[in-house]
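Engineer: So the sequences go chain by chain: C and U. Quick note: the first sequence uses this note's numbering, first residue 1, plus one each step. Quick note: the second sequence uses this note's numbering, first residue 1, plus one each step.
Honestly, the hints are just simulated from the structure, not real lab data. Treat the hints with care, since some could be wrong.
Each computed SDA-like pair below joins lysine to any residue, with the alpha-carbon atoms no more than 20 Å apart [said to hold, decoys possible]:
no., chain 1, residue 1, chain 2, residue 2
1, C, K63, C, I50
2, U, K2, C, S20
3, C, K2, U, G15
4, U, K229, U, E330
5, C, K221, U, P210
6, U, K2, C, P234
Heads up, incomplete: computed chain C residues facing chain U, CB under 7 Å, no partners named [claimed, not checked]:
no., residue
7, M1
8, F6
9, G15
10, N160
11, A163
12, A165
13, I224
As the structure is a prediction and not an experimental result, all values here were calculated from the model. Every residue, glycine too, gets a C-beta built ideally from N, C-alpha and C.
Protein chains: 2
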Amino acid sequence: MKEFVFYNPTRIVFGEGKTSEIGKYVSGQKCLLLYGSGSIKQNGIYDRVISSLKEQGVSFIEKSGIKPNPVISFVREAIDLARKEQVDCLLAVGGGSVIDTAKAVAAGFYYEGDVWDYFINKARITRALPIYVVLTLAASASEMNCGAVLTNEETKQKFNISAEALFPRTSILDPTNTYTVPRRQVANGSVDAIVHVLEGYFTGTYPHTPIQDGFVETLVKTIIATTRKIMESPTDYDARANFMWAATLALNGLTTAGIGKGGSPNHMIGHSLSALYDLDHGASLSIVLPAWLKYNQQTLARKLTHFGQVIFGQNDAAATIKAIEDYFHEIGAPIRLSEANIDRSEIQKIAENAVGLARKWGLKSYTQDVIARILELAV
Amino acid sequence: MKEFVFYNPTRIVFGEGKTSEIGKYVSGQKCLLLYGSGSIKQNGIYDRVISSLKEQGVSFIEKSGIKPNPVISFVREAIDLARKEQVDCLLAVGGGSVIDTAKAVAAGFYYEGDVWDYFINKARITRALPIYVVLTLAASASEMNCGAVLTNEETKQKFNISAEALFPRTSILDPTNTYTVPRRQVANGSVDAIVHVLEGYFTGTYPHTPIQDGFVETLVKTIIATTRKIMESPTDYDARANFMWAATLALNGLTTAGIGKGGSPNHMIGHSLSALYDLDHGASLSIVLPAWLKYNQQTLARKLTHFGQVIFGQNDAAATIKAIEDYFHEIGAPIRLSEANIDRSEIQKIAENAVGLARKWGLKSYTQDVIARILELAV
Chain C
1 MKEFVFYNPT
11 RIVFGEGKTS
21 EIGKYVSGQK
31 CLLLYGSGSI
41 KQNGIYDRVI
51 SSLKEQGVSF
61 IEKSGIKPNP
71 VISFVREAID
81 LARKEQVDCL
91 LAVGGGSVID
101 TAKAVAAGFY
111 YEGDVWDYFI
121 NKARITRALP
131 IYVVLTLAAS
141 ASEMNCGAVL
151 TNEETKQKFN
161 ISAEALFPRT
171 SILDPTNTYT
181 VPRRQVANGS
191 VDAIVHVLEG
201 YFTGTYPHTP
211 IQDGFVETLV
221 KTIIATTRKI
231 MESPTDYDAR
241 ANFMWAATLA
251 LNGLTTAGIG
261 KGGSPNHMIG
271 HSLSALYDLD
281 HGASLSIVLP
291 AWLKYNQQTL
301 ARKLTHFGQV
311 IFGQNDAAAT
321 IKAIEDYFHE
331 IGAPIRLSEA
341 NIDRSEIQKI
351 AENAVGLARK
361 WGLKSYTQDV
371 IARILELAV
Chain U
1 MKEFVFYNPT
11 RIVFGEGKTS
21 EIGKYVSGQK
31 CLLLYGSGSI
41 KQNGIYDRVI
51 SSLKEQGVSF
61 IEKSGIKPNP
71 VISFVREAID
81 LARKEQVDCL
91 LAVGGGSVID
101 TAKAVAAGFY
111 YEGDVWDYFI
121 NKARITRALP
131 IYVVLTLAAS
141 ASEMNCGAVL
151 TNEETKQKFN
161 ISAEALFPRT
171 SILDPTNTYT
181 VPRRQVANGS
191 VDAIVHVLEG
201 YFTGTYPHTP
211 IQDGFVETLV
221 KTIIATTRKI
231 MESPTDYDAR
241 ANFMWAATLA
251 LNGLTTAGIG
261 KGGSPNHMIG
271 HSLSALYDLD
281 HGASLSIVLP
291 AWLKYNQQTL
301 ARKLTHFGQV
311 IFGQNDAAAT
321 IKAIEDYFHE
331 IGAPIRLSEA
341 NIDRSEIQKI
351 AENAVGLARK
361 WGLKSYTQDV
371 IARILELAV
């Protein structure tokens, strides 16, 4: 095993009905409540949160309208509001886009310069307002990690931040809050969580990591099985619960601790697809992963074969990649650029955009040419 | 999945050479350094810790002599010393017995009454001095949980405490610090870690917990494989590293989150064997587990069979129990009371002692008679 530091102080409060405990956790603080397009007002989550806050006498203001690929302009507005209203904490009610927005606001609150500086490594996050979460979409694991990804609409960059101050204090995971998540978002979450664990599984530099590999295989098995159940029966509590916890564990530091310096090349390329075409994060990954695996098929042959055996009962690398593609198609996720209406002629432009993140992440082997060749395999 | 709260704020610093970073973590505080019989002075760990403390200008006092089954009288002395010297934190250099002692001292420091009150639920722990750990023995997972078990020599009770204030702040896990752990202690650690995960695996009340089960199976496979390697080659870094991390993950809350109200009946009975006969903790468990499994063989038949298939390639419950016994014997752990020189005539006395813990833990079905019948299966 390679050396590592594992640290994750987020408190997870998991179970049906736990939404109504949120007031207890933020008690005594003035909150900025953040959420998305307003679906939480239709499915009752908003009402449950508000009544819990009122019950505990929590004072709060709110700002809504966060988009699925959240943008930095919204963050700037929210920072101004948070300062003007002198809030003590942020309460994110939503999925990854809302939580990531809350993290950027929490850090930006204490910074005199422009918050985007954090994303381009011009400034380092050392302080942030406390962040609390009521999760409504299982996918990103942002509820139990210290990272966030935002898009700068002007520069067309989808970049990330990461700092210990950004771990949510408490995240409420109530599986019933995801009963109304539509099929397309379930598919996106399923792809996202699977790619989260597979990034480390296939890029970790240490040759023998039985604990991490076993955990990843367990999570992928669980995610595939529960996605299928959710597609059939959206209110299957156990399926929603296992899917939710698996997605959280998929990117909370556990499966990558000790694997050595890996990387997230699929996310790197996928982020460019979202930045340029506002493509769903999950859809960007279901397109990139098979292409990336094909590009690396020979190097990864042994591990791909093992993975295929354990997960799909397949016996070689090519069949494993095909099985992953088949699974993505089965749940309605695209696996080719054309399915997202992105023409082959765009590849150089995408590759040029992705190189920016490759440089930021120190993935030196990912030149524009290499990225373009990977994308050619997604045509 | 059942509802749960998962919270674990301990920072794990894992890898070869990390011992020399301990000074950085306790910097600016006056430490009470606790350790055991002094083996750390022979294998160089003591010197590495001291030089790291001195490098950072950390002021410290020390108290050694903690026994494998740690006792409350030592804790009382250490509390007096900690108060007299006005220390700011505790630094445990050792395995479970040293860490558990540090936890009891850390809590007792702030309590006016006798520290044993915490163990018999006469008082509740709300504050504790910060605890830091340099782990030298992989077994208990005390380095990443908030529990401790101590023996009261006068009352012959081996009882536990548990409180959030007792999570170590930082635990250094340097696998090379375990190179000199002798075979008997490796066997004890192997048994302890396996029983830690199996307690939940076999007692969890929720019928279908694929994530937790998969994690447990991964950990058990890893522990068995690495124990065998360590027995052959005590300085196999990878084996020591995987064993160490697996043992930590075996009782840090991860594998029990969501399984429902389980219990630790094997530990409950094992603790009595240690309290009455000063038997090694691991040895007490390798004797109790097969007997407990036999007692519950019919109820657990399906899960035992599945476990046997995954871990040992066995196909029924009885064969699985036999495979566990064979594994324990293979690594030199006792599986019968007679192997620990405990006569059958002692069974009622042991059962009477164990009922005390059964009551404390709310394991109502474990009457003296039931415990005696389980122990009969260990004759």
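Engineer: Please check whether I224 of chain C passes as an interface residue: C-beta within 7 Å of a C-beta belonging to chain U.
Structural biologist: 11 Å, violated
Engineer: Would you check whether N160 of chain C satisfies its interface hint, that is, whether its CB is within less than 7 Å of any CB in chain U?
Structural biologist: 22 Å, violated
Engineer: Just to be careful: measuring from the Cβ of F6 of chain C to every Cβ in chain U, is the smallest value less than 7 Å?
Structural biologist: The hint holds - F6 of chain C has a Cβ within 7 Å of chain U, the shortest such distance being about 4 Å.
Engineer: Is the Cα-Cα distance between K229 of chain U and E330 of chain U 20 Å or less?
Structural biologist: 13 Å, holds
Engineer: Answer holds if the nearest beta-carbon of chain U is closer than 7 Å to that of A165 of chain C; otherwise answer violated.
Structural biologist: 14 Å, violated
Engineer: Does the interface hint hold: is G15 of chain C within less than 7 Å of chain U, judged Cβ to Cβ?
Structural biologist: Because about 3 Å separates G15 of chain C from the closest Cβ in chain U, which is inside the 7 Å limit, the hint holds.
Engineer: Would you check the hint for K2 of chain U and S20 of chain C, treating anything up to 20 Å between C-alpha atoms as holding?
Structural biologist: Distance of about 17 Å is within 20 Å: holds.
Engineer: Regarding the hint that M1 of chain C lies at the interface with chain U, is the smallest CB-CB distance below 7 Å?
Structural biologist: Since the shortest Cβ distance to chain U is 4 Å, the answer is holds.
Engineer: Just to be careful, I want the Cα atoms of K2 of chain U and P234 of chain C compared with a cutoff of 20 Å; is the pair within it?
Structural biologist: 19 Å, holds
Engineer: Have a go at the A163 of chain C hint: is there a Cβ in chain U nearer than 7 Å to its own Cβ?
Structural biologist: 15 Å, violated
Engineer: Are the Cα atoms of K63 of chain C and I50 of chain C separated by 20 Å or less?
Structural biologist: 14 Å, holds
Engineer: Compare the distance between the alpha carbons of K2 of chain C and G15 of chain U with 20 Å, and conclude whether the hinted pair is satisfied.
Structural biologist: 7 Å, holds
Checked against the numbered hints given earlier, the structure breaks hints 10, 11, 12, 13 and satisfies all the rest.
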